[in-house]
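Chain residues, written in single-letter form:
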Amino acid sequence: MPERAATCAGCGCGCDDIEVAVAAGALERMTGTCVIGDAWFAERAADAPLVARVDGREVDFAEAVEASAAILGKARLPLVCGLGQTDCESQRAAVALAEAIGAVIDPAGPVVDGAVAAASQAIGLSTATFGELRDRAELVVSWRADPVVSNPRLLPRLRLDRAGRAAERTLVVVDARRTATADEADEFIELQPELDFEALWAMRALVRGVPLDRDLAAQLPLEPLRELTERFRVCRYGAVLPGPGLVATGDGYVNALALLALVRDLARTAHVVALPLRQEGNARGAEDVLAWQTGYPAAVSFARGHPRARPGEFSAAGMLERGETDAALIVGFDALAHLPPRAADNLRRIPTIVVDPRPTQTAAAARVAFATSASGVQREGTAHRMDGVPVPLRAPLASERVGDEDVLAAIKARIAREEGT
Amino acid sequence: MLRIAQGRVYDPANGIDGEVRDVCLDGGKVVEELPSHGPRIDARGMVVMPGGVDIHSHIAGPAVNAARKLAPEEHRADVLDRTAITRSGTGGTVPSTFATGYRYALLGYTTVVDAATPPLAARHTLAELRDTPIVDAAFLVLMGNNLPMFKLIRDGGSDGAGSVTEAVAWWLEATGGYGVKLVNPGGVEMWKHGNRNVTSLDDEVEGLGVTPRRVLEAIAGSVDELGLPHPVHVHCNNLGVAGNWRTTLDTLDALQGRRAHLAHLQFHAYGGTPGKRPRSRAPELAEHLDAHPEHSADVGQVMFGPATTMTADAPVSALLRELTGGKWVNADLEAETGCGIVPFAYRERNYVHALQWAIGLELFLLGRDPWRVVLSTDHPNGGSFLSYPRLIRLLMDREFRNEQIGRVNQKAIRRTVLRDDLEREYTLGEIAIITRAGPARLLGLADKGHLGVGADADVTVYGEHEDREQMFATPRYVIKGGRVIVEDGELREAPAGELLRVAADHDEAIERTLRPLFEEHYSVQLANYPVREPWLLEPARRVPARPDGSGR
Numbered sequence: 000m001p002e003r004a005a006t007c008a009g010c011g012c013g014c015d016d017i018e019v020a021v022a023a024g025a026l027e028r029m030t031g032t033c034v035i036g037d038a039w040f041a042e043r044a045a046d047a048p049l050v051a052r053v054d055g056r057e058v059d060f061a062e063a064v065e066a067s068a069a070i071l072g073k074a075r076l077p078l079v080c081g082l083g084q085t086d087c088e089s090q091r092a093a094v095a096l097a098e099a100i101g102a103v104i105d106p107a108g109p110v111v112d113g114a115v116a117a118a119s120q121a122i123g124l125s126t127a128t129f130g131e132l133r134d135r136a137e138l139v140v141s142w143r144a145d146p147v148v149s150n151p152r153l154l155p156r157l158r159l160d161r162a163g164r165a166a167e168r169t170l171v172v173v174d175a176r177r178t179a180t181a182d183e184a185d186e187f188i189e190l191q192p193e194l195d196f197e198a199l200w201a202m203r204a205l206v207r208g209v210p211l212d213r214d215l216a217a218q219l220p221l222e223p224l225r226e227l228t229e230r231f232r233v234c235r236y237g238a239v240l241p242g243p244g245l246v247a248t249g250d251g252y253v254n255a256l257a258l259l260a261l262v263r264d265l266a267r268t269a270h271v272v273a274l275p276l277r278q279e280g281n282a283r284g285a286e287d288v289l290a291w292q293t294g295y296p297a298a299v300s301f302a303r304g305h306p307r308a309r310p311g312e313f314s315a316a317g318m319l320e321r322g323e324t325d326a327a328l329i330v331g332f333d334a335l336a337h338l339p340p341r342a343a344d345n346l347r348r349i350p351t352i353v354v355d356p357r358p359t360q361t362a363a364a365a366r367v368a369f370a371t372s373a374s375g376v377q378r379e380g381t382a383h384r385m386d387g388v389p390v391p392l393r394a395p396l397a398s399e400r401v402g403d404e405d406v407l408a409a410i411k412a413r414i415a416r417e418e419g420t
Numbered sequence: 000m001l002r003i004a005q006g007r008v009y010d011p012a013n014g015i016d017g018e019v020r021d022v023c024l025d026g027g028k029v030v031e032e033l034p035s036h037g038p039r040i041d042a043r044g045m046v047v048m049p050g051g052v053d054i055h056s057h058i059a060g061p062a063v064n065a066a067r068k069l070a071p072e073e074h075r076a077d078v079l080d081r082t083a084i085t086r087s088g089t090g091g092t093v094p095s096t097f098a099t100g101y102r103y104a105l106l107g108y109t110t111v112v113d114a115a116t117p118p119l120a121a122r123h124t125l126a127e128l129r130d131t132p133i134v135d136a137a138f139l140v141l142m143g144n145n146l147p148m149f150k151l152i153r154d155g156g157s158d159g160a161g162s163v164t165e166a167v168a169w170w171l172e173a174t175g176g177y178g179v180k181l182v183n184p185g186g187v188e189m190w191k192h193g194n195r196n197v198t199s200l201d202d203e204v205e206g207l208g209v210t211p212r213r214v215l216e217a218i219a220g221s222v223d224e225l226g227l228p229h230p231v232h233v234h235c236n237n238l239g240v241a242g243n244w245r246t247t248l249d250t251l252d253a254l255q256g257r258r259a260h261l262a263h264l265q266f267h268a269y270g271g272t273p274g275k276r277p278r279s280r281a282p283e284l285a286e287h288l289d290a291h292p293e294h295s296a297d298v299g300q301v302m303f304g305p306a307t308t309m310t311a312d313a314p315v316s317a318l319l320r321e322l323t324g325g326k327w328v329n330a331d332l333e334a335e336t337g338c339g340i341v342p343f344a345y346r347e348r349n350y351v352h353a354l355q356w357a358i359g360l361e362l363f364l365l366g367r368d369p370w371r372v373v374l375s376t377d378h379p380n381g382g383s384f385l386s387y388p389r390l391i392r393l394l395m396d397r398e399f400r401n402e403q404i405g406r407v408n409q410k411a412i413r414r415t416v417l418r419d420d421l422e423r424e425y426t427l428g429e430i431a432i433i434t435r436a437g438p439a440r441l442l443g444l445a446d447k448g449h450l451g452v453g454a455d456a457d458v459t460v461y462g463e464h465e466d467r468e469q470m471f472a473t474p475r476y477v478i479k480g481g482r483v484i485v486e487d488g489e490l491r492e493a494p495a496g497e498l499l500r501v502a503a504d505h506d507e508a509i510e511r512t513l514r515p516l517f518e519e520h521y522s523v524q525l526a527n528y529p530v531r532e533p534w535l536l537e538p539a540r541r542v543p544a545r546p547d548g549s550g551r
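Those sequence lines, one after another, are chains A and B.
Sequential numbering of the first sequence, starting at 0, is according to numbering that gives the first Met the number 0.
Sequential numbering of the second sequence, starting at 0, is according to numbering that gives the first Met the number 0.
I should point out that these hints are in silico values taken from the structure, not numbers from a laboratory.
Note that the structure is predicted; figures quoted are calculated from it, not measured.
Note that beta-carbon positions come from the ideal geometry of N, C-alpha and C, so glycine has one too.
Wrong hints could be hidden among the right ones.
To be verified - Sample of chain A residues facing chain B (criterion: CB under 8 Å; computed from the structure):
no., residue
1, I35
2, D37
3, A38
4, F60
5, E98
6, T126
7, A216
8, Q218
9, Q292
10, T293
11, Q360
12, G387
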């Protein structure tokens, strides 16, 4: 049974040391995957002859492209979203298509996933790749992140799990409750929800020697935070791993700003970085491709013929919630299962085109659904890990299907033919 | 097939200096002659030069892209609409990829070198270059703070000993790179050891058994041994620090007798003492360069107005952060490099900024050999590439220059020789040298930067204009690979450019040496590190290394 190399894009870790055994064209066994990875490969490994459906009816590729072009061509303000689970090559094709039809495009994965990245646009970011965190970081704080659950191989890869962690390195967890990650840590600091901003601002005040508001300080676990701040100040290399919980309560954007501002303050005395955790396998790639093609990492409108970015206004969830879009093209994202209820309801009311290797709920409800080969399973491509490092996606399995990139390019070509350009 | 008829031709590589003649193009190349009745451009009264070649710019890759994300305000203010032949985009000091390609082409540039790619991120740079139309592009691979390389240098002696040379060639092949870049060798690694740096060539990189000098000597030796078309491209230690001219001279001394190109020399030409006000040491550096034909530099001119500083020299960015108090990015890249980004603005009234501006001009005006002191703004560090026309006017138009000198901080000007006897005005022939012929020669691109038979059919035609800024800002025609890309200042088509990459042989056995070093330092598999994806690497042109030195 041949062992083939693979890269898992089941989360933002982009583990490129996976081996899969293939028998009779199917995945027989995988080595190196975590539970998320197992599910990720399994969901994408099925390869049925089905290529596309229009209104529930099985059709050939050309007819589905035709129907997609018709929907998008008629739309006043189409939305292109998803993107975080496909490869950079397809993301590139998605931006090109969005531009051609004057759409709004937004990588709409888990809503909280991009908040730290958005905040970093305002003040910047001190960050590092996995190898640096693994080999240099002596103090690591997981801030409302639970990587043991969300990115199971992250701690072992950074040698931060209990078994792999050297004695001189410290892992601290700040969260509202004892998580699985807290069980791996040297120290757990309990911080109530809704108090992230206050805690981070207090730490900034401690770094800068500014007196604290006494009432505010009384709500915080002040002593542990003071100790933590002091440890950062004297460490050689410190790191913060902000997780989705940071932006889930209060004003998430402001919380993210506070965290990045704290890291910036700390970086004046010690070498301190932050690595925002990402859930989707290529969420970082979606931001990167959008940024290089348009200048903006998210929430871009091409309605006026050039890119304009308005986080909030042009975010996929926001546009759907407000019922502002009249057609949607969704790439590799089970939108109905993950969007806020109101946005999902509105999505059901408009014609949708779904490009996805998986038979999702969103694909089942779509006017046009393309069943594609999966990047990383049946198709090669590139993904950017959460730390920005590009890794190649392999194709351990063969497939008859076309890739997301091909579908997007074909729809664009069909629309261009219509326009006669 | 195209004849550019009766223009005034400046082709310094072939000794042609303003002669009225025809340039014939066919099959993407310059040819001797064409039938007289074919398509032609009437270039009477116009100036004809080879397409521009930028030897040092930052246009693609993770650092550039991180800078784009920082600049929504700039992008909002400067947009490009989609047209029938072009993609949309945004501009500012760090334009989107499509905008970068179009704007370089509209400026008459047809070849651009990205000066700093971390090898681990080569796929990212290549993907961006694929979306940077028209221009042929190459990139230089960062090797000056590479931990596996440090180990090989420490174990192998200081003179490009075997394994270092093999590793340099391996890294170029693995990434699709063109040449080798050293940025603050040793210093960026020290930045990751608790925000420190090196301050001289002989500081030890803590715990690693190498010094900047050993890194410089070993890598420069390897580059020479391989016969790479472009010499080692060095961003010296102590960038921006008062008194750093001594480090720059030390570096040149260490590299004496070996080919070397110094990046953005202006940022390394400061007298004075660290922490105090700098002064100019441009005359001393210009003199040294004159005396050493094996050495060259691009100037890294500062232009007043907005800029974005982006550098692998992360400790420098931390200093700039303290100056601006504004946005700051730091990105540590495992085993290879760092990265720092700070949006910046150069102001006429600021002593240091005015001094930097003046030192750049001194380097241009004092250098006796324009083939070895070529034009750059270290885009976007000293200013956007869009400011090249203004810089050309500063060099060509003494009256304009003196008027500008009168506007800026006079204390700074008094620390330079600009007021003394620098009456020099660049000729069109000299401009052709510092913007195309010189960079092409320093890069070892035999088919670029000239209009001799067999050269690439990359040609720029300018309307004669007394205002040289206007003349160079809006070429009448730009021809790339024989196709008319720009006509009357408008894009007519926007084909893809080629990747220019080096072809240098290496012994496959080096992977056995590298494997344990990879496993120690990287978080990706060695098997996944070399770029093999054809869609990222093609179309490409391989420029061969010449180990016997026959290319030089």
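Unmet hints by their number, sorted upward, for this structure:
1, 2, 3, 4, 7, 8 and 11
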